Amino acid sequence: MLHIIKKSPYESSALNDAVNYIGQNDDIVLLVEDGVYAVKKGGKFEELLRNLAQKNSVYCLLADIKARGIQESEIAENIKVIDYKGFVEKVVEHNPMTWS
Amino acid sequence: MSEQEKTKVMFVCRTAPYGTVYEQEAIEAMVMFGAYEQDISVSFIGDGVFSLKKGQDTSLLGKKNFSMTYPILIDDFEISHIYVEKESLEERGMSGEDLMTEVEIVDRNLLKQKMNEMKALLPF
Numbered sequence: 001m002l003h004i005i006k007k008s009p010y011e012s013s014a015l016n017d018a019v020n021y022i023g024q025n026d027d028i029v030l031l032v033e034d035g036v037y038a039v040k041k042g043g044k045f046e047e048l049l050r051n052l053a054q055k056n057s058v059y060c061l062l063a064d065i066k067a068r069g070i071q072e073s074e075i076a077e078n079i080k081v082i083d084y085k086g087f088v089e090k091v092v093e094h095n096p097m098t099w100s
Numbered sequence: 101m102s103e104q105e106k107t108k109v110m111f112v113c114r115t116a117p118y119g120t121v122y123e124q125e126a127i128e129a130m131v132m133f134g135a136y137e138q139d140i141s142v143s144f145i146g147d148g149v150f151s152l153k154k155g156q157d158t159s160l161l162g163k164k165n166f167s168m169t170y171p172i173l174i175d176d177f178e179i180s181h182i183y184v185e186k187e188s189l190e191e192r193g194m195s196g197e198d199l200m201t202e203v204e205i206v207d208r209n210l211l212k213q214k215m216n217e218m219k220a221l222l223p224f
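Sequence order for the protein chains is P and W. The opening position of the first sequence corresponds to residue 1 in the numbering used here, with each subsequent residue numbered one higher. The opening position of the second sequence corresponds to residue 101 in the numbering used here, with each subsequent residue numbered one higher.
Because the hints were derived from the structure by calculation, they are not lab data. In this text, all values refer to a predicted model and were calculated from it rather than measured experimentally. Where hints are given, some of them may not hold.
[What the hints assert, rightly or not] Listed next, the in silico DMTMM-like pairs over lysine to aspartate or glutamate satisfying Cα-Cα at most 20 Å (straight line):
| # | chain 1 | residue 1 | chain 2 | residue 2 |
| --- | --- | --- | --- | --- |
| 1 | W | K214 | P | D26 |
| 2 | W | K108 | W | E128 |
| 3 | P | K90 | P | E33 |
| 4 | W | K219 | P | E89 |
| 5 | P | K90 | W | E217 |
| 6 | P | K7 | P | E47 |
| 7 | W | K219 | W | E105 |
| 8 | W | K153 | W | D198 |
| 9 | P | K40 | P | E77 |
| 10 | P | K6 | W | D147 |
| 11 | P | K55 | P | D34 |
| 12 | P | K44 | P | E72 |
| 13 | W | K219 | P | E93 |
| 14 | W | K214 | W | E204 |
| 15 | W | K214 | W | E178 |
| 16 | P | K7 | W | D147 |
| 17 | W | K164 | W | D147 |
| 18 | W | K212 | P | D26 |
| 19 | W | K106 | W | E217 |
| 20 | W | K108 | W | E204 |
| 21 | P | K85 | P | D64 |
| 22 | P | K55 | P | E93 |
| 23 | P | K55 | P | E77 |
| 24 | W | K219 | P | D26 |
| 25 | P | K7 | P | D64 |
| 26 | P | K6 | W | E125 |
| 27 | W | K108 | P | E93 |
[Stated by the list, open to error] With the Cβ distance kept under 10 Å, some of the chain W side facing chain P (calculated, not the full set):
| # | residue |
| --- | --- |
| 28 | E185 |
| 29 | N209 |
| 30 | A220 |
C-beta atoms are modelled at their ideal positions from N, C-alpha and C, and glycine is treated no differently.
Input sequences plus hints: build the corresponding full structure.
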């Protein structure tokens, strides 16, 4: 499954709910829209994402981090940045579930 | 239509009723899918479990009481399964006795497996 997280973890249960349902290693996670606020180094969710990234691939969408002024150097370790083309590829490869 | 030809879809309801339009939209979509004789499951997780709470009275709110719709959906629109996540109920101090219709209370791991069997997941 591809878990797409669209809401800021600071105002929504989307990320926490998703984490409960992220299972097998072939499950992947993509943070988009306000969901990208989770990636910030030193933020409340850095550790959660670091643990998640140990077994599942975690991505964030380039357009959304840029729009929100998040520099690539500010992104927590092991979180990969992908563009719209990469986003489309992931959606084709996996069954998507959106947590909004 | 034989069982094999039916597409397995699951509605995943994560929001409490009345505060947003999600539940209303979900029910409308369920009715629509029901008409096409697909293999439909509905799961309630997180605040979604509040949608099935007994004793909802929306008369003062001037809104429709959506919880009354679920028993009808099961009987007339052939929704195959309604799953409620056990952990979400417990976190909110609830159990099966607090719910207004017959549902399957399942733990997170089992529900995760069910989700993986679906052709499509429809989040609300």
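Comparing the hints with the structure gives:
Simply put, K214 (chain W) and D26 (chain P) have alpha-carbon atoms about 16 Å apart, close enough for the 20 Å limit, and the pair holds. At most 20 Å may separate the alpha-carbon atoms for a hinted pair to count; K108 (chain W) and E128 (chain W) meet this at roughly 18 Å. Only pairs whose Cα atoms come within 20 Å are accepted, and K90 (chain P) paired with E33 (chain P) is accepted, the gap being roughly 16 Å. Distance check on the hinted pair: K219 (chain W) and E89 (chain P) sit about 18 Å apart at the alpha-carbon level, within 20 Å; holds.
As the CA atoms of K90 (chain P) and E217 (chain W) are separated by approximately 19 Å, the hinted pair is consistent with the 20 Å bound. A hinted pair counts as satisfied when its Cα atoms are at most 20 Å apart, and K7 (chain P) with E47 (chain P) qualifies at roughly 18 Å. At roughly 12 Å between alpha-carbon atoms, K219 (chain W) and E105 (chain W) fall within 20 Å of each other, so this suggested pair holds. Taking the CA atoms of K153 (chain W) and D198 (chain W), the gap is about 6 Å. The hint holds against a cut of 20 Å.
The straight-line distance between the Cα atoms of K40 (chain P) and E77 (chain P) is roughly 10 Å, inside the 20 Å bound, and the hint therefore holds. Straight-line distance between C-alpha atoms of K6 (chain P) and D147 (chain W) comes to about 17 Å, which keeps the hinted pair within the 20 Å bound. Of the supplied pair hints, the one linking K55 (chain P) and D34 (chain P) is violated, its CA atoms being roughly 23 Å apart against a limit of 20 Å. Taken as a hint, the K44 (chain P) and E72 (chain P) pair is honoured in the structure, with Cα atoms around 18 Å apart against an allowance of 20 Å.
For the hint linking K219 (chain W) to E93 (chain P), the alpha-carbon distance of about 13 Å falls within 20 Å, and the restraint holds. For the suggested pair K214 (chain W) and E204 (chain W), the alpha carbons sit about 12 Å apart, so the restraint of at most 20 Å is met. Our distance criterion of 20 Å between C-alpha atoms is met by K214 (chain W) and E178 (chain W), whose separation comes to about 18 Å. Distance hint between K7 (chain P) and D147 (chain W) is fulfilled; the C-alpha atoms sit about 15 Å from each other, no more than 20 Å.
For the suggested pair K164 (chain W) and D147 (chain W), the alpha carbons sit about 19 Å apart, so the restraint of at most 20 Å is met. Annotation: proposed proximity of K212 (chain W) to D26 (chain P) holds, straight-line Cα distance about 14 Å (limit 20 Å). Distance hint between K106 (chain W) and E217 (chain W) is fulfilled; the C-alpha atoms sit about 13 Å from each other, no more than 20 Å. Note on K108 (chain W) and E204 (chain W): the hinted pairing holds, with a Cα-Cα distance of about 17 Å set against a maximum of 20 Å.
Between K85 (chain P) and D64 (chain P) the alpha-carbon distance is near 14 Å, which keeps this suggested pair within the 20 Å criterion. Among the hinted pairs, K55 (chain P) with E93 (chain P) is consistent with the structure: their alpha-carbon atoms are about 18 Å apart, no more than 20 Å. Proximity of K55 (chain P) to E77 (chain P) is assessed by CA-CA distance (about 13 Å); at most 20 Å being required, the pair is judged to hold. Only pairs whose Cα atoms come within 20 Å are accepted, and K219 (chain W) paired with D26 (chain P) is accepted, the gap being roughly 17 Å.
Using a Cα cut-off of 20 Å, the hinted pair K7 (chain P) and D64 (chain P) holds, with the two alpha carbons roughly 12 Å apart. Restraint check: the Cα-Cα separation between K6 (chain P) and E125 (chain W) comes to about 19 Å, which is no more than 20 Å; the hinted pair holds. Our distance criterion of 20 Å between C-alpha atoms is met by K108 (chain W) and E93 (chain P), whose separation comes to about 19 Å. Of the supplied interface hints, the one on E185 (chain W) holds, with its beta-carbon coming within about 8 Å of a beta-carbon of chain P, less than 10 Å.
At about 8 Å, the closest approach between the beta carbon of N209 (chain W) and any beta carbon in chain P falls short of 10 Å, and the interface hint on this residue holds. A least Cβ separation of about 7 Å between A220 (chain W) and chain P falls short of the 10 Å threshold, and the interface hint therefore holds.
Consistency with the previously given hints fails for number 11 only.
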